[in-house]
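With the hints as your guide, set chain C onto chain A.
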Amino acid sequence: MEFEEYVSARGQELVRLGFTVSGDYQRAEDLAQIALMQAFRSWRKVRNADDPHHYVRRILVNEYLSMTRRRSFTEAPTADLDPQRTVPDHATSVANSDDLWRALATLSARERVVLVLRYYQDLDDQTIADVLGIKPSSVRATASRALASLRRRPAYSGASESNRVDERLS
Amino acid sequence: MSNTDLEDDLRGTFERAAASVPQAVDLTERATTGARRAQRRTWVVSGAAAVAVAAIAVAGFGLAGSRNQPTQPPVAGGQAPASASATPQVVSAQTVAGTWRPVQMVGAKTLKAARPEDPVLVFKPDGTWTGSDGCNGLQGTFSIGQRGAFSATSGPQHLVGCENVPHTGVLHAAKRIAISADTLQFFGADGRQLASYARAR
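Protein chains in written order, with our numbering: chain A, 666 to 835; chain C, 6 to 206.
Pulled out of the complex, with its shape left as it was, chain A reads as follows (with noise of 0.2 Å):
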């Protein structure tokens, strides 16, 4: 496979995943781009890789942790989703999405990005592990501890369960 084509069937896809770790649309884009770059720096080696996508996704993954570890890293405010451009659905679902979706951007990058490359991306957690350098009882441990962050905010704790949006039209 040639890097065009690569980029033509994958690209867009390393821009989602790009935003869906850093919730920035502009951040993203430069995270595709960079890990586009660096893989087409050493395309012949990425091509011949088992699986050049996996290959590349660790590139953009590894390339936002990175990120977020610089000083002059800011956290950019977690855009919100654009209702206009999500693809139609059922109204609450909007709505219960921007609660978790504003959530997941009070956990770690590190949690973040597991929870998204095991409930985005579909990877195991051994694939996990190999994506980002670590064992798979961390990415376990990580991932543990990032649902529990998750429930404990106010919209996913059952104290505050009826304030969601599906429950309120039930």
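Everything labelled a hint here was simulated from the structure, so no lab data went into it. Any given hint could turn out to be false.
Covered by chain C, according to a simulated footprint, are these stretches of chain A (three or more residues, beta-carbon under 8 Å) [said to hold, decoys possible]:
| id | segment |
| --- | --- |
| 1 | 668-677 |
| 2 | 710-718 |
| 3 | 721-728 |
| 4 | 763-771 |
| 5 | 780-789 |
| 6 | 807-818 |
The following label-pair restraints were derived from C-beta to C-beta distances [what the hints assert, rightly or not]:
| id | chain 1 | residue 1 | chain 2 | residue 2 | range |
| --- | --- | --- | --- | --- | --- |
| 7 | C | 115 | A | 730 | 37 to 43 Å |
| 8 | C | 132 | A | 670 | 51 to 57 Å |
| 9 | C | 61 | A | 670 | 44 to 50 Å |
| 10 | A | 730 | C | 24 | 49 to 55 Å |
| 11 | A | 817 | C | 24 | 24 to 30 Å |
| 12 | A | 727 | C | 194 | 50 to 56 Å |
| 13 | A | 670 | C | 24 | 22 to 28 Å |
| 14 | A | 669 | C | 130 | 48 to 54 Å |
| 15 | C | 16 | A | 771 | 18 to 24 Å |
| 16 | A | 669 | C | 146 | 45 to 51 Å |
| 17 | C | 205 | A | 678 | 54 to 60 Å |
| 18 | A | 670 | C | 106 | 41 to 47 Å |
Positions of the beta carbon are idealized from the N, C-alpha and C atoms, including for glycine.
Here is chain C on its own, set in the frame of chain A:
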């Protein structure tokens, strides 16, 4: 809320977030252009470093020679350094005019390596010189005084990296020039040969 509910919500949220991302345009071009620029910057930096090293080497050899060090610097091409008194001959801007190819140069070991451009020096009768280090165009002025006294200046140049031939370092360090038949020799302040060139046919 159960873990399963939360996990389902997470999946939905991520899907919706991903679906909201605008279509990125020109990703291929931006990635390839960015990578090439980065590569070019690397080449420029390494090229500048190579030129600096060559200049330091030439200057260093000249300085060592001026202190009458007995050791000889390594010479490319296997030729022994010539003495300053090797080929005294009347030289002038007219007699050196023409195109010259490097044959031997102190500290340069890859004169015959393939380069994007022909690494030649071109002297003109009007006292200007042009040429190429193999990747970048070079230019400047030169003057030849009595008994082959030589000095040269160089103008601004790009610093694209490759196996740059350090013509500029030679011209700056050279204090005397000699010509015999189709061979042009440059000598440092200590009288040691810095480089020799052959006239291009």
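Checked hints:
A count of 6 residues in the segment 668-677 of chain A with a Cβ less than 8 Å from any Cβ of chain C is obtained; the coverage claim is therefore met, three being the minimum. A count of 0 residues in the segment 710-718 of chain A with a Cβ less than 8 Å from any Cβ of chain C is obtained; the coverage claim is therefore unmet, three being the minimum. Counting residues of the segment 721-728 of chain A whose beta carbon lies closer than 8 Å to any beta carbon of chain C gives 0, which falls below the threshold of three, so the coverage claim is violated. Only when three residues or more bring their CB closer than 8 Å to a CB of chain C does the claim for the segment 763-771 of chain A stand; here the count is 3, and the claim holds.
Look at the segment 780-789 of chain A against chain C: 4 of its residues bring a Cβ nearer than 8 Å to a Cβ of that chain, three or more, so the hint holds. Under a criterion of three residues with beta carbons nearer than 8 Å to beta carbons of chain C, the stated coverage of the segment 807-818 of chain A is upheld, 3 such residues being counted. Taking 37 to 43 Å as the suggested C-beta distance range, the pair residue 115(C) and residue 730(A) conforms, at roughly 42 Å. A beta carbon spacing of about 56 Å between residue 132(C) and residue 670(A) agrees with the range 51 to 57 Å that was offered as a hint.
Between residue 61(C) and residue 670(A) the CB atoms are about 47 Å apart, so this pair conforms to the stated range of 44 to 50 Å. The beta-carbon spacing between residue 730(A) and residue 24(C), approximately 24 Å, falls outside the hinted interval of 49 to 55 Å. Checked against the given bound of 24 to 30 Å, the beta carbons of residue 817(A) and residue 24(C), roughly 28 Å apart, stay inside it. At roughly 54 Å, the beta carbons of residue 727(A) and residue 194(C) sit within the given window of 50 to 56 Å.
Here the CB-CB span from residue 670(A) to residue 24(C) is close to 24 Å, well matched to the stated 22 to 28 Å. Taking 48 to 54 Å as the suggested C-beta distance range, the pair residue 669(A) and residue 130(C) conforms, at roughly 52 Å. Between residue 16(C) and residue 771(A) the C-beta distance comes to about 19 Å, which sits within the given range of 18 to 24 Å. A C-beta distance of roughly 48 Å is found between residue 669(A) and residue 146(C), which places it inside the suggested range of 45 to 51 Å.
Distance hint check for residue 205(C) and residue 678(A): the Cβ-Cβ separation is about 55 Å, which falls inside the suggested range of 54 to 60 Å. Between residue 670(A) and residue 106(C) the CB atoms are about 44 Å apart, so this pair conforms to the stated range of 41 to 47 Å.
Violated hints for the displayed structure, listed by number in ascending order: 2, 3, 10.
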